[in-house]
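Once you have looked at the hints, place chain B on chain A.
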Amino acid sequence: MVDFHGHLALRAAARPDDGVTALASQSFRAPYHLSKPYWDADTRTLLVQVVNPTAGILSGDRLESAVSVEPGAAVLLTAPSASRVFCMRADSPAASALQHFTVAPGGWLEVLPEPLVPHRGSRFHQRTVLDVAPGGSAFYADLLFPGRIAHGETWAWDRLILELEVRSGGELLLRERLDQTSDHLHALAILAGSGENASFGNAVFLAPGLAADSAPPWRAALHALQTEGVWIGASVLRTGAGWSIKFVAPDGIRLRHTLASIRRILSAVAPHLACDARKL
Amino acid sequence: MLGSDNSSAAWLVGLLQAGDSFYPTGGYAHSFGLEGLIELGVVHDRETLRSFFLLSALPTLRQAELPLAAHAYAALDPVAPDWPRIAELNTLAHALKSPRELRAATDNVGRQRAELAARLHAHPLANDYLARAVSGSWPFSAAVSAALEGRILGAPRDAVLAGITYSTLSATLAAAMKLLRLGQNAGQTLLTEMLGHAPDLIATATTIPLAEIGWFNPWLDIASARHETANSRMFIS
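Residue numbers (our numbering), protein chains in the order written: chain A, 1 to 280; chain B, 281 to 517.
The following block holds chain B by itself, in its conformation from the complex:
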């Protein structure tokens, strides 16, 4: 909710901008493993897509991406950033993904988002982040970069996590709509149902300690590994 002085409007519009498909993070080029599962016949209609969201996409958010972002948000305190922890989180974000394409997806989106944040907001935290990332050869993570952008905008942690939830689910759904026979109304109905889980996802994700971050779907990892060598494909991942 906006405060009486509308001070929240600044970060709110910033998060809306960052979550828009118009925002050039390159997320539109990725299906985050979904195309591989569709090729293998696991996801083939609205019901199986719904099951995929419930059984795979939401748990990955709850146990991996959102906890990573929550820890990154804490470490990116603008007054005293914990850079070793940020380096650790970026490495961990990649180590949690065994398929190369899923790492490439988070690296591409994370890099674009961090560079955009620096370009659009000229904030010292973003500039410092990028300089340290280059000098330390950090991999990039979409979750960590989203936390960085949230800090630059002055957004509260849970709002940042809500933004990640929206952008992840909507990007996956956008990919699904290109790969399956799924109409706009059916897509939005599904997205609305999944977004309804956001409060519980965020509440759980913010309780997960660093040592317990992680979750994987064996079939998704296999499908993603096989997608690397597919003869034809629409998405990078």
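If we strip away everything but chain A, and leave its shape as in the complex, we get:
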């Protein structure tokens, strides 16, 4: 079996003449592949799809990505399909991913991957660093399914570590580490009544001016999404430069619907969120 040392580096910049965002530099190596970017004139956002043409993430894969957005540029980075982490033999190496996103003042970056699906016996460590300069804006969302729900294979990973570090101008706002065993997270889901197919969303939202309003009206709209088994809570991060938005749904479909509703609500204050990630 081939294990990949995947690499992706993107730098997005605004063209001086018309302000349209373009990829000023790009390099990638399997399993990463880029589709042709699409400029969404309505939201003035460059839609970039990162495609993994292989079946998914396998033992020994090491994926590294670095995406930077320069002043005035706006990017929506997404993927067309879920990231499946496949079963790994006990004596084989785990898979890992290191993602680093930076946003300059006046830049916008949305990272909207499809759900992570850890299969039975998988071992995966993902570390994400999001560093947004003062005056920059970002929306980052991670989705986690409990496994292959349609196959009835859930809560069966061997090891799953999801780390998220968020900085504003270098100042640490958030550092989270999800390292529960599958049994432990399953037990928490049952305790909370979220059920066998509980699915998770973890988002952060940073934008200039957020610190000025500790009780923005959009928070009430987000909290109103808590219906029919969906849980959602938004709270301001330290220093006030950004917000944490966590949500849990009883299944993947309602998780996706909740994320779509979050983006729609926040698009009132961050118009780039109106960009349709499925336009390609």
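Don't read these hints as lab results, they were simulated from the structure.
Predicted model only: the values in this text are computed from it and were never measured.
Even glycine gets a Cβ: it sits at the ideal position worked out from N, Cα and C.
There could be a bad hint or two in this list.
To be verified - Okay, the calculated bits of chain A under chain B, using three or more residues with CB under 8 Å as the criterion: (1) 186-199; (2) 225-234; (3) 238-248.
Stated by the list, open to error - Which residues of chain A face chain B? A partial, calculated answer using Cβ under 8 Å: (4) R175; (5) E176; (6) D179.
Relative to chain A, chain B alone:
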């Protein structure tokens, strides 16, 4: 165990004092997210409270609060305090908590405890700590302040961690007894069971490197975030 000269009695009584609900750190005003989970119907009786302790409170101690305190204890060597590391740990303690109320809880308790330590013991380490905290605009952390007080008292690291374990669990239980139908005997039985995990918690917590500190319960974070806007509530957090 006390030494033959009873020299350990000084720090032991100091830790007992600091862990007493009578000690004015303000912990009695916080449920540390539990009230939000009760409002959402997750915790509603002794069994679900027991599950909450086992699945959420103990892992948070083991993976976050106790490792923070252990690293702070090492950095607060009275002979050569590592102040940049202490600043880093206080910031990290806040960055580990996405809900504002949980940060406010650790900030309030941590600040009170550090100021009390300085007032009660007049130790140069406490005075230096407070001066640096003000000049550096550090946030306060209950775990770091407990390590500070432990160092001032001359208590061993693991005794300090045991004190944090007791005060955290007993404060959460005290809040639960105000929010649920839970009697004194049932409460103490539960506390005794949870305290029985302390040796394993401390043994694991002291092996966790700085880069691996952290743990969260998504439902607790959501409940705590929603508690900020609750129409009625008994506790600050």
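Results of checking the hints against the structure:
1. 186-199: holds (count 6)
2. 225-234: Check passed, 5 qualifying residues.
3. 238-248: Per the Cβ count (5), the hint holds.
4. R175: holds (4 Å)
5. E176: holds (6 Å)
6. D179: holds (7 Å)
Violated hints: none; the structure is consistent with every hint.
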